[in-house]
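Residue numbers (our numbering), protein chains in the order written: chain G, 1 to 303; chain Y, 1001 to 1303; chain C, 2001 to 2303; chain R, 3001 to 3303.
The reader is advised that the hints may include incorrect statements.
Derived lysine to any residue pairs resembling SDA-like cross-links, with alpha carbons at most 25 Å apart [unchecked claim]:
1. R:Lys3022 - R:Pro3147
2. C:Lys2067 - C:Arg2046
3. R:Lys3199 - R:Gly3129
4. R:Lys3067 - Y:Cys1285
5. G:Lys67 - C:Gln2150
6. Y:Lys1199 - G:Ile287
7. G:Lys238 - C:Lys2010
8. C:Lys2199 - R:Tyr3299
9. G:Lys67 - C:Arg2046
10. R:Lys3238 - G:Ile287
11. R:Lys3045 - R:Ser3025
12. C:Lys2215 - R:Thr3155
13. Y:Lys1238 - R:Ala3249
14. C:Lys2297 - R:Glu3033
15. Y:Lys1238 - R:Ala3250
16. R:Lys3199 - C:Pro2147
17. R:Lys3238 - Y:Ala1250
18. R:Lys3022 - R:Gly3129
19. G:Lys199 - Y:Thr1154
20. C:Lys2238 - Y:Cys1285
21. C:Lys2215 - R:Thr3154
22. R:Lys3238 - R:Gln3274
23. R:Lys3045 - R:Glu3033
24. Y:Lys1199 - G:Arg251
25. C:Lys2067 - G:Ile287
26. C:Lys2067 - G:Glu98
27. Y:Lys1238 - R:Glu3098
28. G:Lys215 - Y:Gly1198
29. Y:Lys1067 - R:Asp3081
30. C:Lys2067 - G:Lys199
31. G:Lys67 - C:Pro2076
32. C:Lys2238 - C:Gly2086
33. G:Lys215 - G:Ala75
34. R:Lys3067 - Y:His1125
35. R:Lys3067 - Y:Glu1068
36. R:Lys3199 - C:Gln2150
37. Y:Lys1022 - Y:Glu1098
38. Y:Lys1199 - G:Gly129
39. C:Lys2238 - C:Leu2132
40. C:Lys2010 - C:Leu2132
It should be emphasised that the hints constitute simulated quantities derived from the structure, not laboratory data.
There are 4 protein chains.
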Amino acid sequence: MTIGFVGLGKMGRGMASNLQTKGFSLMVHDVVEAPMTALEALGAKRGTPAEIAAACDIVVTMLPTGKEVAEVVLAPGGILDHARPGTMILDMSTIDPETTDRLHEETRRRGMTAVDAPVGRLAWHADRGQSLFMVGADDADYQRALPLLQAMGTTIHHSGGPGAGTRMKLVNNYLAIILCQLNAEALSLSQRFGLDLGKTLDVLYGTTATNGQLKVNWPNKVLAGDTEPGFSIDLAHKDLTLIVQAANAARVPVPVAAAAREAFSQARARGYGQNDFSAMVDVACDIAQIERARLPKGYTPPA
Amino acid sequence: MTIGFVGLGKMGRGMASNLQTKGFSLMVHDVVEAPMTALEALGAKRGTPAEIAAACDIVVTMLPTGKEVAEVVLAPGGILDHARPGTMILDMSTIDPETTDRLHEETRRRGMTAVDAPVGRLAWHADRGQSLFMVGADDADYQRALPLLQAMGTTIHHSGGPGAGTRMKLVNNYLAIILCQLNAEALSLSQRFGLDLGKTLDVLYGTTATNGQLKVNWPNKVLAGDTEPGFSIDLAHKDLTLIVQAANAARVPVPVAAAAREAFSQARARGYGQNDFSAMVDVACDIAQIERARLPKGYTPPA
Amino acid sequence: MTIGFVGLGKMGRGMASNLQTKGFSLMVHDVVEAPMTALEALGAKRGTPAEIAAACDIVVTMLPTGKEVAEVVLAPGGILDHARPGTMILDMSTIDPETTDRLHEETRRRGMTAVDAPVGRLAWHADRGQSLFMVGADDADYQRALPLLQAMGTTIHHSGGPGAGTRMKLVNNYLAIILCQLNAEALSLSQRFGLDLGKTLDVLYGTTATNGQLKVNWPNKVLAGDTEPGFSIDLAHKDLTLIVQAANAARVPVPVAAAAREAFSQARARGYGQNDFSAMVDVACDIAQIERARLPKGYTPPA
Amino acid sequence: MTIGFVGLGKMGRGMASNLQTKGFSLMVHDVVEAPMTALEALGAKRGTPAEIAAACDIVVTMLPTGKEVAEVVLAPGGILDHARPGTMILDMSTIDPETTDRLHEETRRRGMTAVDAPVGRLAWHADRGQSLFMVGADDADYQRALPLLQAMGTTIHHSGGPGAGTRMKLVNNYLAIILCQLNAEALSLSQRFGLDLGKTLDVLYGTTATNGQLKVNWPNKVLAGDTEPGFSIDLAHKDLTLIVQAANAARVPVPVAAAAREAFSQARARGYGQNDFSAMVDVACDIAQIERARLPKGYTPPA
């Protein structure tokens, strides 16, 4: 049985490579040549979306936004138009709930099935098959997708029925991303106050003020002077836009998220888009003309 | 040697009781009668602020706001006017940096010293001598205050020189309080999306989205249906007001904090002031007419 | 020469009626039957979009969002696919700049032209041929569209080249809509302060605090107790969403607009969506449990 | 009868000069020497606050903040302690409602009276006796203050009973100041969109988007390239701080005002504090790296 895989971007190529090297035969497609060649070197075949739809029972899609999912999968002439009844679309893109719901409706209408399983963690996790997945699917579909997910990741959450994966991803990224602006404000204040950064973290790590970004991501990224993007401000802004839009569509007021999104917009306007999203504290310090927050060499967090 | 203690409120009475029962002789004062009687029952004497100033080398103050510190300690006829050179004021109130700085200047000018050591954690920690302190003091003053602090708490951070304790407390509460609004938005969105709350926490606890409020405080408070105030929305709004004001005075833009503060203001306008600050999620759900977030009985967080 | 007209909604039907009765022969289309019948009664013909494209040199479109413009005009099988070179698309919808730009590019590529001319003022102005238009077009196209615009409105701004009409509309609605939230906050504060509403307006109208909403719209709508929608909160939220999205896409930080949009989202969550957008002050008073702002009978604004 | 006048700052000196030259005999005080000398040259006497309190039936105060009013008028040894029953304090400072209320209570308790009458418009209006006043007073007190007000200004609003003047001023400045941030966002968007500024104003002035700042103040200030402060960003931030604080104390949520205040804080952090508050659009363009908004020479607004 051949598995289709459409979308070999920064995340997708690692995920596809894990599938191929762990025993699945892939037929792959991307708009860019290089990753297709790389997958061929591992034994995968290449095909157009139409060829993939015709040849595969399961098609994995890992695309940038809901717009691409709509165009490649749902639009006239897209994957669904070339697929057989019984086909499963395993969409692992991070997209808007509206498109996810359309995907489930369209596949159901045609006697196919869909699973929404967006991906957590970073590109280097995907490369090593250590991703986290939030899965929205009926039980039978979940079981059918499980072997593939297990080949690509180490943590798999069955978050609920169809659509629950996409929505869980939004809730999770909501917190992870806005925490960056929250930490940015707190640490720029700490810097202006002249507090020692190490002493500040010593306190914060031991109270309910602590958070995953500040504890796990920041000490190795911006606070160590490394702003290379594990997850870029541009991508964070894109996800935040998706989240705020979904919340507004669902009539859930999110004033803090909305304020944070404008801070990310400022960051982009000032040229920080390709920095790691922890660099939001550098943006805050830049705008307010405060010294940047950097840990002294050899800082060890409290046990 | 007798230690003065002014301010026997919800936190102060526990702190004073620990001092008195662990070997210090206190002379105490409050504007309310009951806690003074209770401290007398433990062996403390009572006195006016003037009598305390005259009798004690160290005076602990634990007052509601900077205004009371200014009136009781700094104003004409206040404690400083009745104290001898060499006296140490150990101010443990959570107040504005401006008043803390005035306290340090005024004591220095008179040949006295001051330590700012605001208190973390909740009233029940204070009762058991398990508080956390963020201390702003020169080394010598820190050493002089240390035995008292050790009698009242278990975690003591020497955060820097004079004024650093007050400022560290603001940075810490900044995060702890605003996290409540952040979680409120994320969980009200999760509720509207129809996601299972237990499954949502299962995901969030395992990613960088996690945070001290969501992990430690919330499962035992609002998510368990308990909104009795460990720390009330009214107090959180008061601290947030202090923080936003201090940030504005220091020219540090805090757009997310400012948005969060208005959410706390809404909560108070709608009668939630005496609820625990985790109940911000109930406010969000109330305003948007969403079902409240409550954990199923027997929920166990992932290991 | 027959003019095509697609989109006979609340605004479109009035605009089309004015064209038909002022000497233009229309071929019209809508997804709803009733307004087509009404236009036929005035002498218009009806047709599918494809028939209209084939028959008309100028096609006016007045559609809800950019999505409908993309589907009806730009998509495969849409109007452009059935139109001849030289055709002009006069798009009067309020849509996102991205779709407007695509419209101009697509028409240019096919040897056609386009004009973006979104409509200001309310439905009753459209009914009377008293609309305001912001027009983005090259000079020649502007001249070609002018007779139609003059039949439908009384104020015509040539705002710049292709795309400038859509963008001007967004800037204009930006202010008009957010003013409603600004006035809502100011007047709810005034109410809580116990100030007389008439006296408050007497002051505001005479200083730089005055604004078009407060002066022109509000005294006849919410402040007179009339919340029937001239322009509904739902539509205002839709436009605000468009504006915030366009600003974020253009990297223009808009923190006040973002905060206002969440207030409109709250209004919708609480069931105010079909009220006039001046009723934002009722929402503010409702949420904060303040008495509603209503003018005393017989209030006369200062000369 | 001699009138006392305390506070000869930027506004106060012009107001006092008008009183003195229009027939009132003043006894004046300020902490700065120069304006006292200037008033003496016009025939005024000088005195300490205590001397003024002892000599005058009416004492006008024009001080920077509520803190100075509390210290100079209300504190032990202040003006009230030296004044006779029947004295009227005419406080024209822009201060917090809490201090205004304390002033009314304290004077009432001592058989004196107070009027709160903060001042609108700018310093050059005060110089010419063309100020606007919002007056909070009982009718009798209003009549007693009226001759003085008429000597200093041209527009006098009796806004309600004691405290209504201070509160009306806050509501008015709320709108006038936040309009600047609103216009800043709209015009920075217009600039980024490449719209012609003159054409933009042509549209905005003719719709409900128009507002007093955009119509009256801005064309002569920032849009003409003049950022000399008629009213500075520092002062606007101070007033906005007062307003947001008063709204929070009164439990009136003001999310848009809170967002705007942080924008003013950014402006100050970036060194714009001494610019006119219309220069908020320069701040927005600076932060987002957009070309500044300036009118072409010879721009004439539509009739």
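Verification of the hints:
no., hint, in the structure
1, R:Lys3022 - R:Pro3147, "10 Å, holds"
2, C:Lys2067 - C:Arg2046, "23 Å, holds"
3, R:Lys3199 - R:Gly3129, "37 Å, violated"
4, R:Lys3067 - Y:Cys1285, "40 Å, violated"
5, G:Lys67 - C:Gln2150, "38 Å, violated"
6, Y:Lys1199 - G:Ile287, "39 Å, violated"
7, G:Lys238 - C:Lys2010, "34 Å, violated"
8, C:Lys2199 - R:Tyr3299, "36 Å, violated"
9, G:Lys67 - C:Arg2046, "33 Å, violated"
10, R:Lys3238 - G:Ile287, "20 Å, holds"
11, R:Lys3045 - R:Ser3025, "8 Å, holds"
12, C:Lys2215 - R:Thr3155, "19 Å, holds"
13, Y:Lys1238 - R:Ala3249, "10 Å, holds"
14, C:Lys2297 - R:Glu3033, "53 Å, violated"
15, Y:Lys1238 - R:Ala3250, "13 Å, holds"
16, R:Lys3199 - C:Pro2147, "21 Å, holds"
17, R:Lys3238 - Y:Ala1250, "13 Å, holds"
18, R:Lys3022 - R:Gly3129, "10 Å, holds"
19, G:Lys199 - Y:Thr1154, "17 Å, holds"
20, C:Lys2238 - Y:Cys1285, "23 Å, holds"
21, C:Lys2215 - R:Thr3154, "22 Å, holds"
22, R:Lys3238 - R:Gln3274, "12 Å, holds"
23, R:Lys3045 - R:Glu3033, "13 Å, holds"
24, Y:Lys1199 - G:Arg251, "22 Å, holds"
25, C:Lys2067 - G:Ile287, "37 Å, violated"
26, C:Lys2067 - G:Glu98, "14 Å, holds"
27, Y:Lys1238 - R:Glu3098, "16 Å, holds"
28, G:Lys215 - Y:Gly1198, "23 Å, holds"
29, Y:Lys1067 - R:Asp3081, "22 Å, holds"
30, C:Lys2067 - G:Lys199, "53 Å, violated"
31, G:Lys67 - C:Pro2076, "16 Å, holds"
32, C:Lys2238 - C:Gly2086, "33 Å, violated"
33, G:Lys215 - G:Ala75, "43 Å, violated"
34, R:Lys3067 - Y:His1125, "37 Å, violated"
35, R:Lys3067 - Y:Glu1068, "15 Å, holds"
36, R:Lys3199 - C:Gln2150, "19 Å, holds"
37, Y:Lys1022 - Y:Glu1098, "33 Å, violated"
38, Y:Lys1199 - G:Gly129, "23 Å, holds"
39, C:Lys2238 - C:Leu2132, "20 Å, holds"
40, C:Lys2010 - C:Leu2132, "16 Å, holds"
Checked against the numbered hints listed earlier, the structure breaks hints 3, 4, 5, 6, 7, 8, 9, 14, 25, 30, 32, 33, 34 and 37; every other hint is satisfied.
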